[in-house]
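Protein chains in written order, with the working numbering: chain A, 1 to 306; chain B, 307 to 486.
Hints were generated in silico from the structure; no laboratory data involved.
Beta carbons are placed, not taken as given, at the ideal position from N, Cα and C, and that holds for glycine.
Keep in mind that the hints are not guaranteed to be accurate.
Claimed, not checked - So the derived label-pair ranges between C-beta atoms look like this: (1) B/Glu362 to A/Leu223: 48 to 54 Å; (2) A/Asp128 to B/Arg372: 45 to 51 Å; (3) B/Gly449 to A/Arg18: 48 to 54 Å; (4) B/Glu419 to A/Thr52: 43 to 49 Å; (5) A/Val144 to B/Ala430: 51 to 57 Å.
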Amino acid sequence: MNSSLPDELRGVMREAIRLEYWNLFWTATIIVAMGLVLGQSQTMKTAWVEDTLGVVPPIMFLIAAKMELKGRRSKKFPFGFERVNGLGFFVAAVALTAVGLLLLYNAVVALAAAEHASVGSIVLFGKDVWLGWLMIAAQLYSLVPPMLIGRKELPLAEKLNDKLLHTDALMNKANWLTGAAGLAGIIGLGLGWWWADSVAAAIISLDVISDGVKALRSSTAELVDGSPRALSSPQVSEDAQGLEDRLLEEFPSATIRLRETGRLIRAEVHGVHPPAEHRHPRQYWPKEESRAWRLAQVSFIPPAGD
Amino acid sequence: MDGNAVVPHPPAPETTPTLARSEWATTKSVAFGMRWIALGAVFLLPACHGLPQDPEDTLENVRTARQFRVGLVAGTPDTLELRRLLGEIERQTGARPRVAGGGSEALLTDLSEGKTDLVLGAFAKDSPWKTKVAFTPPLRSTGSGKHAIEVKAAMQNGENSWIMLVERASRKVSQSARER
């Protein structure tokens with residue numbers, strides 16, 4: 001196969017693509033449900049924007065996955081499209097951080113201006129119903145699909161070593177926190193605590209910013225050829241540390257430089273000659289043979305003057 | 307710059323993906339989240355009885371004082387719906403209206419500062435006040451689109467219990483309000 005995706009990942013990738021289509025479908029139902037009952041509540045608006053933003057990572061993942069699966073190496077793209085995922089991760093991170101900051105600003109301004117959100121009533125089946133009850137129902141509904149999808153995404157993200165999918169999984173998984181903050185905000189508003197709405201919105205936006213900043217740190221590290229980062233944090237990944245140790249064990253006088261291109265790792269071994277026998281890069285992989293596909297290249301740079 | 311010697315690769319060894327590491331942790335975290343939400347619901351749901359309430363206690367004050375302060379915007383047509391609306395609020399709260407006239411800007415400013423409980427008037431559908439006060443559905447309207455002129459009531463933002471009562475009363479006395 002002449003695409004940049006390692007062959008053993010194709011089945012898992014298709015499974016992840018199917019899951020992301022379901023993710024988009026359920027997220028769309030949440031966006032509609034929340035959108036119908038938004039009202040003036042800052043909490044609801046923030047939660048709705050967060051849910052709407054939630055489609056960015058799956059869409060970026062789907063675009064990147066299609067390109068990785070279908071895109072062929074060519075003269076113009078000799079490495080295929082293995083870094084499209086990294087680019088998607090960066091775009092998703094920028095969107096998350098920027099919108100998170102905007103939402104926080106709105107919440108703080110609403111709090112400082114002591115804005116009192118009006119939540120009126122609508123007629124439902126001939127009865128006057130406080131819109132807050134529908135907001136609470138929509139918030140409760142919005143909790144369920146992300147939790148279930150996030151739970152299914154996480155193992156796939158680990159198998160694929162996919163940061164975009166992993167970030168999405170963590171965001172979905174942590175959704176109960178923002179959901180609980182949202183519920184508390186609406187109930188607080190109903191109890192006459194006008195500030196509860198803006199405080200809940202601020203808490204949700206802080207969560208969005210935290211997700212965004214973590215993703216931004218990891219994604220920029222990849223774009224500037226930093227060491228491979230762990231899936232869920234900007235720390236150097238265990239895989240990279242293990243590989244560096246393994247290479248240093250065989251080439252103790254060498255300097256090892258590792259970088260990440262999408263889900264793949266590329267290694268440069270500086271200051272030593274290559275071993276006499278020819279080996280596939282995967283044979284340098286330290287442990288867990290099932291993840292050896294991550295090592296796409298090992299280059300040797302002999303000492304200067306040899 | 308050093309020369310870069312890339313070793314030609316023999317075929318890749320066969321491998322199979324293994325199971326992920328964090329399924330257990332995920333399940334635990336979801337269960338943890340569910341537990342907190344359930345716990346929160348147990349404590350918060352009893353408090354939900356009687357929602358919504360007013361931050362400035364408008365409805366309670368109206369009931370206690372047995373009167374509510376109404377600002378009538380100068381030039382508002384004296385419609386049957388407006389009189390029936392005041393009557394319906396009186397019936398629901400046991401409080402009598404105390405009506406004072408004035409210009410819309412002054413009355414709506416008083417309303418947003420809590421100096422009046424209700425303002426009645428003819429307002430543009432796209433009124434710049436629509437985010438600063440809470441309007442009821444229109445009791446009657448003329449014209450169409452966002453330039454339509456609507457006869458309706460305005461309440462102080464956030465006084466959700468009072469807002470709901472006036473909205474309910476508006477729907478009761480006006481076909482136009484019921485249709486919104």
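Verification of the hints:
Checked against the hint of 48 to 54 Å, the C-beta distance between B/Glu362 and A/Leu223 comes to roughly 52 Å, which is consistent with it. Between A/Asp128 and B/Arg372, the C-beta spacing of about 24 Å breaks the proposed range 45 to 51 Å. The given range of 48 to 54 Å is respected by B/Gly449 and A/Arg18, whose C-beta atoms sit roughly 52 Å from each other. For the pair B/Glu419 and A/Thr52, the supplied restraint of 43 to 49 Å is violated, since their beta-carbon distance comes to about 35 Å.
Range check, A/Val144 to B/Ala430: Cβ separation about 42 Å, and the 51 to 57 Å hint is violated.
When the structure is compared with the earlier hints, violations turn up for hints 2, 4, 5 and for no others.
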